[in-house]
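Once you have looked at the hints, place chain B on chain A.
Each chain, letter by letter, is given below.
There are 2 protein chains.
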Amino acid sequence: MDLLTADFLAREQMVKKIEGIFRLFGFSPVETPIIEFVKTLSGETSDTGKHIFYISNAGENTDESLAMRFDHTVPLARLLAANPYEPKARTGIRLPWRRMVYGPVFRGEKPQNGRYRQFYQFDADIAGTDSMLADAEIVAMMHETMKALGVENFIIKINNRKILSGLAELVGITDRGQISKDDLTKEMMRILDKIDKIGMEKVLEELVAKPEHETHASPNLSKEASLKIKEFLSIDGDNIERLARCRKVFVGVKIAEEGINELAEILENLKAIGVLETAIQINFSIARGLDYYTGPVMETTLTDASEFGSVFSGGRYNNLVSRFTGQDLPAVGASIGVDRLFAALDHLKKLDKTKETVTEAMILRLSPNQDALYLKMATELRSAGISTEICLLDDTTFKNQFNFAISKNVDFIVIAGEDEIKKGVVQVKNLKTREQEEVKKEELKDWFSK
Amino acid sequence: MDLLTADFLAREQMVKKIEGIFRLFGFSPVETPIIEFVKTLSGETSDTGKHIFYISNAGENTDESLAMRFDHTVPLARLLAANPYEPKARTGIRLPWRRMVYGPVFRGEKPQNGRYRQFYQFDADIAGTDSMLADAEIVAMMHETMKALGVENFIIKINNRKILSGLAELVGITDRGQISKDDLTKEMMRILDKIDKIGMEKVLEELVAKPEHETHASPNLSKEASLKIKEFLSIDGDNIERLARCRKVFVGVKIAEEGINELAEILENLKAIGVLETAIQINFSIARGLDYYTGPVMETTLTDASEFGSVFSGGRYNNLVSRFTGQDLPAVGASIGVDRLFAALDHLKKLDKTKETVTEAMILRLSPNQDALYLKMATELRSAGISTEICLLDDTTFKNQFNFAISKNVDFIVIAGEDEIKKGVVQVKNLKTREQEEVKKEELKDWFSK
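Chains as they are written, first to last, in our numbering: chain A, 54 to 503; chain B, 54 to 503.
Chain A extracted, bound-state conformation (with noise of 0.2 Å):
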């Protein structure tokens, strides 16, 4: 995908937006490269579908293979691993660490329609925590986000993990022949979590329908399990009610009840921050895809433009670090898809898309032999802090020039003919008001300051 101008800086304000709200919650930018080591990035593709590109020449060292970053999650765990803390040198990274990121990331697909092979993802995440504070410092996060972008309707679907964990135990699930019982169980949250696409009925089909084979990871649940979890999937009711009626299901059930602990809490401090109850809803069927994911998860779907999917998702996923280090360390943190979300404000008609130039003000180049005065006029308003260029049009009549400045949507024209030059003013023309005033020619510089 190309990024032309007007594109771009309709981008550009989308991105400061988020950035500036980013900041304001302390979250401190960090940058890692494109490529990373095969060896890095591999064992988080499993499930997700994610295709990773490789590089075929890594110079002389072949034997180090590289690839491109599919995420930042990924790189995000191999720094915290590659940068501990040393008290007393005080160099690395100091835990709990607030850290923002925004770049693009690869993934080896047939690019389709709004699916691209590189796409920009902006994630923050808190590392060195399992406080439920970061958890709903992330989820108000999301919240202001969506604010600064002029988004009025959004809903954050939130989760916890550990209540689909609780679910699977509810409805007994165990290891089955080659399979974990673990690996069945994230069988049963990815089919769950299609409930949106494909409705209730054909989720409870998955569910109970048998393994194609041996070794496929399908929960093959008893009708009577499915009953349960479609009994599970319909409570309903404002987000109290929900986590209330969630408790009966799991009454006894330790890691649910715990998982519901943890949202009650998140609640409780959203609500002591006015966040708006009806932006969030606690949803009981989103797991979202990434295998790594082990406390709460969340999704932002824009009511207006659901058919974008969510464009602002994330989780606690306490184990990420532990493949590089041996040691777990809790985290979480939230990730845009930066164009997916573009495409939908795009569509929500929250973009300027305008702007086709930076330029403010243009020069016609009216007489063949003042390139000296023209430049001298571009240095001064340029030191007034506007964005000047002179027209290089080879053919300089007026008329195409001024039709130039209009098709680049410039601001201000800056005439300068022979009679101009020789009564020693310019004329500045206003092509939005189509206002036109007589400067001096040493005054120029004020009259756009003002």
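Copies of the same chain look alike in the list, so a pair counts if it fits in one copy or across any two.
DSS-like cross-link-like pairs, simulated, lysine-lysine; straight-line CA separation at most 27 Å:
1) K494 with K324
2) K403 with K69
3) K429 with K69
4) K200 with K503
5) K498 with K70
6) K163 with K92
7) K429 with K210
8) K406 with K70
9) K503 with K493
10) K408 with K141
11) K493 with K482
12) K234 with K301
13) K69 with K406
14) K498 with K482
15) K141 with K485
16) K498 with K200
17) K429 with K494
18) K429 with K324
19) K403 with K200
20) K498 with K69
21) K69 with K408
Since the hints were derived computationally from the structure, they do not count as laboratory data.
The model shown is predicted, which means the values in this text are computed figures rather than measured ones.
Frame of chain A; chain B shown alone:
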């Protein structure tokens, strides 16, 4: 290369200054993808020692081989070719066009100290005009950029490929067997360009050296020819004197005379806008590595950090788009080696690398049951535009949280323990001045706003 926050913020400051100047000059931002088709990139890599990073799995369309861009100039040419201006529909890119682009490029080299496989380039180009005013604008922009970055001592060296072509004519370079005059001329330029590194004598030696084998494009000049080159390279004096002396060397060599006139025009324009003459140096050995330059070429060295080489270079290239469209399109531009410039400015102590966080205020979490209160305070400070984080250390002793805030180099800490909460106040401590003030809870936001 990972950029942790202190480095990231220092680079961000640098890039913002560059971007500010580029925009003042009317360069509009665009973005192209990091991945291009191999067929787009190939053909421009012959003598520059650039190795392309190929992508080994491009999804299912494996016949459309993909690779990573190695600069922003080839994608610019593709972008121009793909978006011709349609006067009736008013779509496409209307020329002349000033565009800037900032982003990473990739070369499949063995990484070395200060030489990365991923590095950032910040380019500005003017396409669609052969007016020397454009070239002067580029040089003026380079000059303003260096000033904006706080660099006092720098030299922009300027030459013209046309003069070097004239030199090849003057010393009688012609086709030799399979090797074209053009290739031999380019090789001569490549050797001349090394004069700063290896000195005059070595350059002359290389120019007269016998080719190692028949297909080796060594210029193989006569002793007499090399003396002419020595005379040419020894031209000194101020810029006006250099051009005058150069004119004498090339009497009757049309291409060189053209080049000299172009440089004279650029100098005249730069003088008009007060670009310091001491910052500009006509230097006849400058050739720039890239094949595609056809006119003026320029490079910028920092006098107090010359070991970093040129940090901002460019030139005129009038044929680049023809590979895609079959038509010539004149263009001139320049490119900043961002990582190299960053290293050089760091060496010159022009960077602020002290901010390890964006957080301005840290709220200590001193009372275990007051999360809602701390969140509320954070929300208030954020609404006043203060980047705020709640300290999320597990060990919530005052001493530990205080030291944490110190180590993160935040500006303020907000203290609300049980005593303060009872009294309805908070303590705000400025960690820079060590001053502490008691503020009424309800006046916290106002205090920070002030």
